[in-house]
Amino acid sequence: MSKVLLKVDGLKKYFPIRKGVLNTQVGDVKAVDDVSFEVFEGETLGIVGESGCGKSTTGRLLMRLLEPTEGEIEFAGKMISELSNNEMRKARRDIQMIFQDPYASLNPRHNIGKILEEPLIVHGMGNAKERKQKVLELLEIVGLNEYHVKRYPHQFSGGQRQRIGIARALMTNPRLIIADEPVSALDVSIQAQVLNLLQNLQKDLKLTYIFISHDLGVVRHISNRVGVMYLGKLVELTASEDLYAEPLHPYTQALLSSVPVPDPTFEREQLIISGDIPSASNPPSGCTFHTRCPFKKEECSQVVPKMQEVKPGHYVACHLYDAIQHSMI
Amino acid sequence: MIMRKKLLEIKGLKTTFFTDDGQIPAVDDIDFSVHEGEILGIVGESGSGKSVTSLSIMGLIPSPPGKITGGEILLDGKNLVTLSDKQMQKIRGKDVAMIFQEPMTSLNPLFTIGDQLKEAILIHNPKWSKKEVFARAIEIMKLVGLPRAEELLKDYPHQLSGGMRQRVMIAMALVCDPKVLIADEPTTALDVTIQAQILQLMKDLNKRLHTAVLLITHDLGVVAETCERVIVMYAGQIVEEAPIQEIFVNPKHPYTQGLIKSVPDMRYKKDNLYSISGSVPKPGSIQEGCRFAARCEFAMDRCVQETPPLYEAAEQHKSRCFLLEKQEVKQHVESVVES
Chain A
0 MSKVLLKVDG LKKYFPIRKG VLNTQVGDVK AVDDVSFEVF EGETLGIVGE SGCGKSTTGR
60 LLMRLLEPTE GEIEFAGKMI SELSNNEMRK ARRDIQMIFQ DPYASLNPRH NIGKILEEPL
120 IVHGMGNAKE RKQKVLELLE IVGLNEYHVK RYPHQFSGGQ RQRIGIARAL MTNPRLIIAD
180 EPVSALDVSI QAQVLNLLQN LQKDLKLTYI FISHDLGVVR HISNRVGVMY LGKLVELTAS
240 EDLYAEPLHP YTQALLSSVP VPDPTFEREQ LIISGDIPSA SNPPSGCTFH TRCPFKKEEC
300 SQVVPKMQEV KPGHYVACHL YDAIQHSMI
Chain B
0 MIMRKKLLEI KGLKTTFFTD DGQIPAVDDI DFSVHEGEIL GIVGESGSGK SVTSLSIMGL
60 IPSPPGKITG GEILLDGKNL VTLSDKQMQK IRGKDVAMIF QEPMTSLNPL FTIGDQLKEA
120 ILIHNPKWSK KEVFARAIEI MKLVGLPRAE ELLKDYPHQL SGGMRQRVMI AMALVCDPKV
180 LIADEPTTAL DVTIQAQILQ LMKDLNKRLH TAVLLITHDL GVVAETCERV IVMYAGQIVE
240 EAPIQEIFVN PKHPYTQGLI KSVPDMRYKK DNLYSISGSV PKPGSIQEGC RFAARCEFAM
300 DRCVQETPPL YEAAEQHKSR CFLLEKQEVK QHVESVVES
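Sequence lines, in order, name chains A and B.
Residues 0 to 328 in numbering that gives the first Met the number 0 are what the first sequence spells out, letter by letter.
Residues 0 to 338 in numbering that gives the first Met the number 0 are what the second sequence spells out, letter by letter.
Looking at chain A on its own, in the form it has when it is part of the complex (with noise of 0.2 Å):
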């Protein structure tokens, strides 16, 4: 096994909801609420789950682009979360983030050339010509060419904007990228290049990813293994393979059987779960799956399930699972 380049510990992240006059606080969005898990060198981690899952907030917390509110984040044995803003900052060097909207992330005002250019500039990387041969580099390496330094963001299209946020999150020569639905913006044929453009990096420069998707599909396609979070929390986590074959977890069934295969010849049992996705300003207490849940016990509406190992590397936190886990020990 490889080394653990990342590890997370009960990570939480909640919004305060202030209401009235005097602005006092009157609850909180639980927007990440203690998740944990740990990223190994080399690997794809993906992280799945639907709107308002809190995979977003997971990600920019890594980053330490929010404050977590609790919980521990060690990043290749410094611990990221305990580090000043300034010690921070340099730390970013080693971790880089890649956005879904690709249009938003870069500024209009500035060319590609210097959009490349100034992560090497803020974390003081090389002299004027070292910083303009790097940029060339990594512009040829995504699939741009030199004649593209001059141009700015509008004139590229929606695929190619995306090669330069790889392109940015690359200057610095990361050993982590958090990427944040890379592809979900991107045209089907579209998004397989870029795909393929992440996994031929992840080999040749030796990369580290967490990949943040809502595609169950893209999600499997480039993950080793894969985290799946409902409202706040992580609720299964395995490899990849064991996941899509034998999902545990009655959210992960249901959100796999959910999803359209394109193939009418498929035959398969839907299990599609009523209800909607509850508020994550006040979640239902227990297990938060369990208002729609169809294997719902007596004790889901009050007891938290704790993440338990049921098979070897495979992680699950539903209640379902407690006699399992006893048998084994």
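Quick caveat, the hints were computed from the structure, so don't treat them as lab data.
Keep in mind it's a predicted model, so treat the numbers as computed, not measured.
Please note: incorrect hints may appear among the correct ones.
[Said to hold, decoys possible] Below, simulated DSS-like cross-link-like pairs (lysine-lysine); rule was C-alpha separation at most 25 Å, straight line:
1. A/LYS205 to B/LYS268
2. B/LYS281 to A/LYS149
3. B/LYS268 to A/LYS202
4. B/LYS85 to B/LYS66
5. A/LYS202 to B/LYS260
6. B/LYS269 to A/LYS202
Given chain A, work out where chain B should sit, using these hints.
Showing chain B alone in chain A's frame:
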């Protein structure tokens, strides 16, 4: 397959946008028909003209800059293109209804669900009594699976979740029993578990009410699960048309083949994803030849010079590619040799 009556027939439809950069033919000479009670899918990437097609049918092309510059849209034999705005208003919502991608922006935030639903009924049935309108509103809300219908009528759109809003939109669209329902990316803004609910609802309603559905989407999975036939559009043209079983098993056009291969399949892992090189051309930028030629791995010299017609590949299966001409010739030769 039983031949069903053609309900909506599109013949040589051309919709052009007149902009400062010149004329942009967003939809360029397309023909297809929607049969009674079927679900027909239109797939395509952004800029393929699939949404402009649906807006053209509804008479909702923003004008200026857009205009239907040719062709006919026949609904039960009546040509919608030549109708006046007033006549079109009588058809819109009654004979053809539409639901949109973003249910929040399609509902008026200042009026209750009840107000908006009743308005849709009253426009086409001005003589109905309050009681009748109310009864119909409740009936249609129950039909689309909305709970607590009576209370919900008093709610405002922001009080509803995305899935419920889309159900309200479907209720509004179906309230006057349209013959054709056009659904433009109805589930794109929704989460997968909610998407599954809405697709199931649309299939149920299609079976129960026999409303023909024209489903426009970019998601091949959605097409595979809901439609009976599918049309693939690329750069304003139809490039392939086939029954659903055909198109996934035996796609004929290189674009369709590439599109199907580039979708990551949840069921198994591929080492490397197939990808179509290049990007979708700007509408109007290709005047001559096959519009996919620049990205096609089978492109020949001829593809750049001539525009391929739609060839009949099999029964009910058409594809716009010169490769099929050879096949037609081959089939012809084979049949000659055999005889």
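So, going through the hints one by one against the coordinates:
Our distance criterion of 25 Å between C-alpha atoms is met by A/LYS205 and B/LYS268, whose separation comes to about 21 Å. For the hint linking B/LYS281 to A/LYS149, the alpha-carbon distance of about 22 Å falls within 25 Å, and the restraint holds. A threshold of 25 Å between alpha carbons decides the hint, and for B/LYS268 with A/LYS202 the separation of about 17 Å falls inside it, so the pair holds. Of the supplied pair hints, the one linking B/LYS85 and B/LYS66 holds, its CA atoms being roughly 17 Å apart against a limit of 25 Å.
Pair hint A/LYS202 plus B/LYS260 holds up; C-alpha atoms about 22 Å apart against a cutoff of 25 Å. Restraint check for B/LYS269 and A/LYS202: satisfied, since their Cα atoms lie roughly 16 Å apart, inside the 25 Å limit.
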